Amino acid sequence: MSQTLAEKILSEHVGHDIQPNEFIGVKVDLAYVQDGTGPLTVRQLEKLGFNQLYNPQQTIVFLDHASPSPRKELSNDHKLLRSFCHKTGAILSDIGNGISHNVVNEQYANPGDVIVGADSHTCTNGAMCAFAIGMGSTDIAVAMVLGHTWMRVPESWKIVVNGAFKQGVFAKDFMLYFIGSVKADGATYKALEFTGPAMDSLSMAGRLTISNMAVESGAKVGLFNSDEITDDYLKTIGRAEKFRPISADPNASYEKILEYDADQLVPMLACPHFVDHVKPVNQVQSIHVDQVFIGTSTNGRLEDFQKAAAILKGRKVAMGTRLLITPGSRKVLLDGMSDGTFQILAEAGGVITGPGCGACVGVHEGVLGDGEVCVSTQNRNFKGRMGNPNAYIYLASPATAAASACTGKITDPREFM
Amino acid sequence: MDRLRGRAWKFGDGISTDHIAPGRLFHLRSNLFELAKHVLEDARPEFPQRVQKGDFVIGGRNFGQGSSREHAPTIIKMAGISAVIAKSFARIFFRNCINVGLPALMIDTTKINEGDELELSLFKGQLVNVTQNETYTFPPLPPLMANILSDGGLIEHIKKNKDFKFD
Chain A
1 MSQTLAEKIL
11 SEHVGHDIQP
21 NEFIGVKVDL
31 AYVQDGTGPL
41 TVRQLEKLGF
51 NQLYNPQQTI
61 VFLDHASPSP
71 RKELSNDHKL
81 LRSFCHKTGA
91 ILSDIGNGIS
101 HNVVNEQYAN
111 PGDVIVGADS
121 HTCTNGAMCA
131 FAIGMGSTDI
141 AVAMVLGHTW
151 MRVPESWKIV
161 VNGAFKQGVF
171 AKDFMLYFIG
181 SVKADGATYK
191 ALEFTGPAMD
201 SLSMAGRLTI
211 SNMAVESGAK
221 VGLFNSDEIT
231 DDYLKTIGRA
241 EKFRPISADP
251 NASYEKILEY
261 DADQLVPMLA
271 CPHFVDHVKP
281 VNQVQSIHVD
291 QVFIGTSTNG
301 RLEDFQKAAA
311 ILKGRKVAMG
321 TRLLITPGSR
331 KVLLDGMSDG
341 TFQILAEAGG
351 VITGPGCGAC
361 VGVHEGVLGD
371 GEVCVSTQNR
381 NFKGRMGNPN
391 AYIYLASPAT
401 AAASACTGKI
411 TDPREFM
Chain B
418 MDRLRGRAWK
428 FGDGISTDHI
438 APGRLFHLRS
448 NLFELAKHVL
458 EDARPEFPQR
468 VQKGDFVIGG
478 RNFGQGSSRE
488 HAPTIIKMAG
498 ISAVIAKSFA
508 RIFFRNCINV
518 GLPALMIDTT
528 KINEGDELEL
538 SLFKGQLVNV
548 TQNETYTFPP
558 LPPLMANILS
568 DGGLIEHIKK
578 NKDFKFD
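Top line first, the protein sequences correspond to chains A and B. Using the working numbering, you'd call the opening residue of the first sequence number 1 and step up by one each time. Using the working numbering, you'd call the opening residue of the second sequence number 418 and step up by one each time.
Simulated from the structure, these hints should not be mistaken for lab results. Values in this document were obtained by computation on a predicted structure and should not be read as measured data. Check before you lean on any hint, since a few could be wrong.
As a list, the in silico DSS-like pairs of lysine-lysine whose alpha-carbon atoms are at most 27 Å apart [stated by the list, open to error]: (1) Lys454(B) <-> Lys27(A); (2) Lys454(B) <-> Lys72(A); (3) Lys47(A) <-> Lys504(B); (4) Lys409(A) <-> Lys166(A); (5) Lys541(B) <-> Lys47(A); (6) Lys158(A) <-> Lys256(A); (7) Lys27(A) <-> Lys242(A).
Chain B stretches covered by chain A per the calculated footprint, using a threshold of three residues with CB under 8 Å from any CB of chain A [said to hold, decoys possible]: (8) 442-448; (9) 479-485.
Just so it is clear, CB atoms sit at the ideal spot from N, CA and C, and this is done for glycine as well.
Here chain A stands alone, though its shape is the one from the complex (with noise of 0.2 Å):
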């Protein structure tokens, strides 16, 4: 039966080919939280009368939204998820180590795995051609101890782009168009596969960025295939042997085939409040800018901060604008400390944080205040998202986020070319 991409990882996981709409139980890889959402996760279980995890090694938790924790109730969280850990054999990804779905890419997710999290980006590794989704605490903590979960199969949908991307233009800037053109609720549910030319030549680091953000389409999750990229990205990360190619059947049966022009593309930013409220960037040039922050699940990997740095590069940061630099995970800030980027970055003023996520989640490290603007990498720009309701929140690519820095407005990074 020719499947694509989802059908194909799910009936692997079901053990029978499953079509659109069926109610599955489905064997899962890997289960994670973050401290968001773990320690209601802790308490579920203690609910449950759970006795033992399936499998503590396919069981992680990450400290990665308030790390390091800036007030003593989030301190007290992590205090339960560490002893939670501790108790039942779990992974435990502490403060600094990075955010979630970064390590995960980096060391656990391998093409073909059925991943769950409890964090609505889990679907960033789609771009693993991991079947990644989001889930809340308590399905999580079921599939902790139950070691499946139960999906309805998706419906798919093959993104088709054409072309290339012009200098300036990047995957994030596609995303955003993406999202804008199709709604935040057009996708609902859907699994996105991403392919054309466009899409095959882009690095780990562009498909990542897709895939992170197919939530905001309403999608279930972002697929990518499994192929050459996916090959070397593992080799360099000392897992190749994880790899093993797949792609969608060529006679599969999609509910819909949407195709895009990589060439026609611009740098664009999401306005506030709402991720598809998108513009092109000269729609929206010379707003001044308070606080630029780059890093996230979206964006807070080497490649991203190496696009900023070719920018920021013997400049400085404008008057009346903070720089936030924020890697993904640990592996990202070493690299960036040893190959100059984070040099770069902070002698041309930017502030460097420890990995983690940051300013996005308006825990902490980089809250706005009444009235400001900022330009963020991030995937997400809901009124109150980075901690204060009276603010207003672009998202956009690492080098628009760079530019703008660079002016102290919004920017097209194409000036800088």
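Model the placement of chain B on the given structure of chain A, informed by the hints.
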């Protein structure tokens, strides 16, 4: 859980999990009682103080968009809300509603007005707008989700059945 009656509180499209459980109150996630005092306050500041047990939250499109935080439907339930009714839901939020035992129904809410008196019968699949004398029917949930909801939530369902009960 049948024959629930209360007042309609009307919200617009795209109510996010940041509207429901604001990001700046992240530190209250392990104190749900306190967090519940702020439910939906960034959408309607007066809501937490004035909502009465049995009332309904009425939304537009894509209700619950955003985060997977289960705290969002949990504190709506703690506020005594009978059900969340919206034109459409974000998928993680919808699944979380069922998991915490909070009925979530997809109905065209265009004609429901702020303050309307509503009566919900889950078993019959019927919502009556008593104020406007109008009846809406809605299809049943898929069997597994209906089982989870009628058991009172996912924990109760798993305790009872030891696994997911698909039919």
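Looking at the structure, which of the earlier hints fail to hold?
-> Hints 1, 3 and 5 not satisfied by this model.
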